[in-house]
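Engineer: If you're matching positions, the sequence shown starts at 1 in the numbering used here and goes up one per residue.
Since the hints were derived computationally from the structure, they do not count as laboratory data. Any given hint could be a false lead.
Keeping only pairs whose Cα atoms sit at most 20 angstroms apart, straight-line, the calculated SDA-like set for lysine to any residue is [claimed, not checked]:
1) 132 to 269
2) 142 to 379
3) 243 to 223
4) 188 to 240
5) 142 to 381
Here are the computed distance ranges between Cβ atoms for each label pair [as the list claims (entries may be wrong)]:
6) 234 to 416: 44 to 50 angstroms
7) 428 to 285: 39 to 45 angstroms
8) 222 to 285: 30 to 36 angstroms
9) 258 to 142: 49 to 55 angstroms
Just so you know, even glycine gets a beta-carbon here, dropped at the ideal spot from N, CA and C.
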Amino acid sequence: MPESASAAPTTTRSPAPPRMRPLAGLNRRNWLQEVLAGVTLLAIAIPLNIGYAQIAGLPPTAGLYALVVPAVLYALTVSSRQLVASPDAAAAALVASSLGGMAVAGGKDYIVLALAQALIGGVLFLLCSFFKLGFLANFLSKPILIGFVGGLALDILVSQAAKMLGVKIDSGGEFLEKLGGLITGLPKLNIWSLVISLGALLVLLVGRRLAAAVPWALIVLIVGTIVVVLTDAQKAGVSVLGKVDAGPPTFTWPVIAWTDWLALVPSAIALTMVTMGEGLLVSRSYGQKRDYPTRPNRDLFAFGVANLGAGVTGAFTVGSSTSRTAAMDQAGSRTQLPTLITALGTLLLLIFGTALLEDVPSPAIGTIVAVAVVPLLGIRDFAQLWRLDRFEFVIGAVCFLGALLIGPIAGIVIAFVLAVINVTRRAANPPIDTLKADGDPNASLLAEAPSGEQTAPGVIVVRLAAPLFFANSTVFQQAVEGAVGSSGATHLVLDMEAVTDIDVTGAESWEGLQEFLQRQNADLSLSRVRPGIRERIEHLGLGDDVRYFETNREALAALRTDADDHARP
Numbered sequence: 001m002p003e004s005a006s007a008a009p010t011t012t013r014s015p016a017p018p019r020m021r022p023l024a025g026l027n028r029r030n031w032l033q034e035v036l037a038g039v040t041l042l043a044i045a046i047p048l049n050i051g052y053a054q055i056a057g058l059p060p061t062a063g064l065y066a067l068v069v070p071a072v073l074y075a076l077t078v079s080s081r082q083l084v085a086s087p088d089a090a091a092a093a094l095v096a097s098s099l100g101g102m103a104v105a106g107g108k109d110y111i112v113l114a115l116a117q118a119l120i121g122g123v124l125f126l127l128c129s130f131f132k133l134g135f136l137a138n139f140l141s142k143p144i145l146i147g148f149v150g151g152l153a154l155d156i157l158v159s160q161a162a163k164m165l166g167v168k169i170d171s172g173g174e175f176l177e178k179l180g181g182l183i184t185g186l187p188k189l190n191i192w193s194l195v196i197s198l199g200a201l202l203v204l205l206v207g208r209r210l211a212a213a214v215p216w217a218l219i220v221l222i223v224g225t226i227v228v229v230l231t232d233a234q235k236a237g238v239s240v241l242g243k244v245d246a247g248p249p250t251f252t253w254p255v256i257a258w259t260d261w262l263a264l265v266p267s268a269i270a271l272t273m274v275t276m277g278e279g280l281l282v283s284r285s286y287g288q289k290r291d292y293p294t295r296p297n298r299d300l301f302a303f304g305v306a307n308l309g310a311g312v313t314g315a316f317t318v319g320s321s322t323s324r325t326a327a328m329d330q331a332g333s334r335t336q337l338p339t340l341i342t343a344l345g346t347l348l349l350l351i352f353g354t355a356l357l358e359d360v361p362s363p364a365i366g367t368i369v370a371v372a373v374v375p376l377l378g379i380r381d382f383a384q385l386w387r388l389d390r391f392e393f394v395i396g397a398v399c400f401l402g403a404l405l406i407g408p409i410a411g412i413v414i415a416f417v418l419a420v421i422n423v424t425r426r427a428a429n430p431p432i433d434t435l436k437a438d439g440d441p442n443a444s445l446l447a448e449a450p451s452g453e454q455t456a457p458g459v460i461v462v463r464l465a466a467p468l469f470f471a472n473s474t475v476f477q478q479a480v481e482g483a484v485g486s487s488g489a490t491h492l493v494l495d496m497e498a499v500t501d502i503d504v505t506g507a508e509s510w511e512g513l514q515e516f517l518q519r520q521n522a523d524l525s526l527s528r529v530r531p532g533i534r535e536r537i538e539h540l541g542l543g544d545d546v547r548y549f550e551t552n553r554e555a556l557a558a559l560r561t562d563a564d565d566h567a568r569p
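Take the sequences, apply the hints, and build the full model.
Structural biologist: Right, here's the structure in full:
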């Protein structure tokens, strides 16, 4: 039935985003598999979180507390069904580097600062969620994340290598200091620590190949502890975890000076940005892979409440764990139930089983963390960047060295500067094509033509394939003036299809181009102007003596008719 010309226009509403519910995806068919995945996650998380707490300069309980209240809050509020939230290697290294100059690692003041840092991060996440600022994570491109996390990973590896060898170094020092301490301490390495580390490394690497689903890290801790107890290796110089406070996490509030709160803001921002960059990327990729919806701002809210929970229960900054998320995916988990199972198991360990942790050998913990951190070096990723794009490789390498040599906070600043430079570099030289119309008179696409080729007598069509702004305005003006001047055209048609914005600097170049056209006795027409851009052109005062056309064909036909009219006597 033909549509009546007087019929009222219909409006279509975009569908509302799907309502998220806790433990989405859990059903009667998969609950047992999810529970078993939770046991696996518990076995992975406990040794790693103990190691990451030590990297951060905090007691083991800080890592275990992060698996309880923060994890539960996250699992009940996040949109992602699989992303595992927990302190990770990068977050631990950032905490250590940012707090090391403010207090002595492991001391009471240091712990309080870590709690305050987590609270600030929680507030930042909530603000990002409220103002829908998840897009900021896009500034941390893959090369930046590869380099930044890789630099932190190498710094961590040096500390863990010292544990594995039984060499005493200042774990809170700069990378070069720690590396120098490791090298000079090699003659004093503890042979029994080395034996335990080599045995743990063999079990982890061979075991992974034989049966990847087995929690080899937990087996290494259990066997290592038994060996230490039976052989009394502690008397031979093997370091052990020591006394671990028993009891569930208790609610507290960090009391520090307001100047310390301000001093923690830069590091909290860095932690927030790294978690946003990595966490939202991993969340989206698994959502697409497993065909379920994710909501970035909802995920930021979940990170926010998790870090608030960490700050008031004795934990430290919670980020996203790519390795544990991958392990859960391989275990068949598609819900957040494993996180809740892990929280329950950790709580039981804290209440009833901390005595079992006292004789865990530090070399075994160092080996577990080292094996988990090695993939973060990004060796394969750097090789791929070298093959695909040398400039992107340089960006990654600079971030790597920045995070390693001048500190993570300065490294994240360098990362943002490089991101802006990279974007500006690409935008500063956009494609500017001199075009002619396609053979089909109804076609809206245009085919490239050599610069200066005229589409009709005295007419030239130019297309800028980018927004017109400060970075490319001069290039645009020079390219168009060159094309018009070399062709002797008296009519310029700007194809505006790809121009999505014009800033003040771009408007000045536009005005310069109009003055040039006046000197050349040439006029300006615009075609295929995007919705909203015409209003922008008029607002900037660029629409005087400008003709608008729906298509380039229409512009060419009109200008050709004008030329024919002027040619008639």
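Engineer: When you take the CB atoms of residue 428 and residue 285, is the distance between them in 39 to 45 angstroms?
Structural biologist: At 31 angstroms between Cβs, range violated.
Engineer: Could you grab the alpha-carbon distance between residue 132 and residue 269 and see if it respects the 20 angstroms cut-off?
Structural biologist: holds (16 angstroms)
Engineer: Has the hinted range 30 to 36 angstroms been met by the Cβ atoms of residue 222 and residue 285?
Structural biologist: holds (34 angstroms)
Engineer: Under the criterion that the straight-line Cα-Cα distance not exceed 20 angstroms, is the pair residue 142, residue 381 satisfied?
Structural biologist: Measuring from Cα to Cα gives roughly 9 angstroms; hence the hint holds.
Engineer: For residue 243 and residue 223, compute the direct alpha-carbon distance and say whether it is at most 20 angstroms.
Structural biologist: Since the Cα atoms of residue 243 and residue 223 sit roughly 19 angstroms apart, the hinted pair holds (cutoff 20 angstroms).
Engineer: Holds or violated: are the alpha carbons of residue 188 and residue 240 at most 20 angstroms from each other?
Structural biologist: holds (18 angstroms)
Engineer: Check the following: the C-beta atoms of residue 234 and residue 416 are separated by a distance inside 44 to 50 angstroms.
Structural biologist: The hinted range 44 to 50 angstroms holds for residue 234 and residue 416, with Cβ atoms some 46 angstroms apart.
Engineer: Tell me if the straight-line CA distance from residue 142 to residue 379 falls inside 20 angstroms.
Structural biologist: Given that 20 angstroms is the threshold and the Cα spacing comes to 13 angstroms, the pair holds.
Engineer: Hint says 49 to 55 angstroms; check whether the CB-CB distance for residue 258 and residue 142 agrees.
Structural biologist: violated (38 angstroms)
Figure legend: structure checked against the earlier numbered hints; hints not met, in rising order: 7 and 9.
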